[in-house]
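Asks: Letter by letter, the chains look like this.
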Amino acid sequence: MGILKQNDYADVRSVGIPRALLYHRYGTLWEAFFRELGREVVLSRETDRALVDAGGALSVDECCLASKAYLGHAASLVGACDALFVPSMGNLGHHLGFCTKFQALPDLVANTLRDRNVRVASCLVDVTEEHASMRDAFLELALRFGASPREAKRAWKTASHEQERADRAAAGAQERLVASLASMQGEDRPLAILLVAHPYLAHDPYLGGSVTDPLERMGATVVFADEADRERALKASFDFSATMPWIVNRELIGAILLLHERIDGIVLVSAFPCGPDSMTDDAIMRCIQGKPILNLTIDAQSGTAGLETRIESFVDILRYQKKGGYVHG
Amino acid sequence: MASMDDDGPDRAASASNGPSGIFDGAATSVESGRGIGAIDESLIGHADGSDDTLRARIALQLERKRPPRLVLPRPRPKRDRHARTRVAFLRYSYYDIVFKFFVEQVLDADYLPLPEPTKRTVELGSRNSSDSVCAPFKHILGDYLEALELGADVLVQFAGPCRLGYYGELQESILRDLGYEFEMLNFATVTGKPLTDYIEVCKKKVNPNLSVPHGVRGMLAAFKMIECLDEAQDFYLAHAGFEAERGSFASTLASYHADMRAAASDRDIADAHKRGMEALRELPVRMPARPLRVGVVGEYFTAADPHSNLGLERKLLDMGVGVHRMLNMTNRNLRYHEKNLRASIADYVRYDMGPTSSMTIAAALKYAQEGFDGIVHLKSSGCTPEVDCIPVLQQVSRDTGVPILYLSYDSQTSDTGLDTRLEAFYDMLAMKKERAR
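Residue numbers (our numbering), protein chains in the order written: chain A, 140 to 468; chain B, 59 to 495.
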């Protein structure tokens, strides 16, 4: 932001990280980065009903469920750390953007929690307007935490490598899982269901668990779209759409294209009301054919009982289909 | 559940007959087994989050009838290189005047004017959109459907840094699935690319023979025209609330627009503007000693387009209020300096929060500091960036004491509902002003 700021976060000893939204994508990097800078990382607890309700009370009604949950997480950290880490994530390039929510988040948190004197430590990732890559953002952030340029580079290197390793491990595990499913024959092979959802839903035990738990209870194997090889998925997404603006939605759609032949069905989960998904769910439902797709929208009020019924009936369809139940064409 | 199993094969079969897509039964609601319309109904009840039922739908298109692509590549229909192309834009306030000039003077093609939108326009758009997309998407899809019915060859869509950036491709996909044949001049396809790519795409989609030097001159004139139209609108908003003769400002502005619509050169634009502004300035006004003034802020389409906001500005003017709106194409597109706007609101925000966020907040703070009596914030329902401005605006309101009315529009918003809220807001502002005397 113009004048390079230095040392203004140097007094921050403990950094609070809300366990929500992009934490589920970049959490490894963030935690490792602050650990490398010698800071204590304070994570908010796992999402629960109370956090979602608290976040809902702080939010404008029209915000999506995931955003409300985030504010609940953020509020729970006030007083438990010296500063909250809330980056402004604009984009990683043209057609590689994030939902504007992620761009607005630091100011949204600061204004919402102004009365509680919240301190927000932040950095800006915006390649198209500011030429600020993720690396640039974190190097500057390290300087603001009082690190020397050398320490900054080391912290970034260690943290980004840890994130890459974690992503590669997830992609590798998925590849082995899908391969082992393919090697099984007939009745014994469990149903493979591709769960297509933003990481903050898919990997949040409270928000996404209401979908993954019933699937697994019914003996289906859940394959997470966001764990597919991101680079390949992103590349594949350009075959689907030239102008889709959001990188995470791109990776999810790319993963569908990469894994389509190796799964039995797709469960597409969105938080209500998700801006990007309001458009991409329609695109997926209409244009990706050949496998049954169940599209669920979850909000704070929906009970898990309703979800289970729908997931059970969907799994029934897939089982029937697997036995050759429906005649093609 | 049982009924769904029974329906399944039928649905798959029916989907393989008609054109595919979730709008004709390829996908259907698990809840009722009806078409997607049924899901839409259940969504409406949900918008306030009070309903406990869950939204779920299934797509069962088991035969792959199309490759997994949003817009399918297709053989380019052979076109007569000398035939003139009919180009249609979306509707956006009075900027159709600029769109016409752009098509005729820059693209050197025929402009297809659209009639005033009707209830049918948004119904057409809503019926063919997913329910949860933002209202401008539905309005524009309705515009396009009407344009295609009127014989448009090319539809034009802009790019934008939010969901708007995806409008063009998704709308093209929906319209093609409905069976329409057209070209889409979608500027989102060249975002971030050099000017030569913009020229290339215009040549490819509209007119291979367009003259670049003439087009550049036309483009500069079009920018000038935008500034003129916005200047006239600013004058109208500031004064029409106090007109001595009812309707005089609206009719003078309409003649000015008609005059401008006939312009074919920068000279014509300057002349029309001079005549129009003189005519507006000559209109008699009765300015009260302490007039009520209201600032309008918000999302790009809903705040600036009278058809999207149910004529909010006219309603305010009719109450005898002076109105100001910073958001227009001049300030948001031609002269947008986001960093400087943000510098003026540094007490509230550190980052650019979205496409119009810095302007929304900066305008609101400016109105508060200049002693405006109230602010109206407009957005389409669920517009993420403008929703995220609200906590900031609430702080501005708290610090400065300026009342802010928050309005959220969807395709169901009613005129009478709006009137009631505006009248209550007006009464509150008038009473506050009276007390402060």
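Do not take every clue at face value.
[What the hints assert, rightly or not] Where chain B lies over chain A, by a calculated footprint (3+ residues, C-beta under 8 Å):
no., segment
1, 197 to 206
2, 244 to 254
3, 271 to 282
4, 422 to 431
Keep in mind the hints are simulated off the structure, nothing from the lab.
The structure presented is a predicted model; accordingly, all values stated were derived computationally and were not measured.
Even glycine gets a Cβ: it sits at the ideal position worked out from N, Cα and C.
Asks: For each hint, tell me whether it holds in the structure or not.
Replies: Results for each hint:
no.	hint	verdict
1	197 to 206	holds (count 5)
2	244 to 254	holds (count 7)
3	271 to 282	violated (count 0)
4	422 to 431	holds (count 9)
Going through the hint list in order, the structure does not satisfy hint 3, though it satisfies all others.
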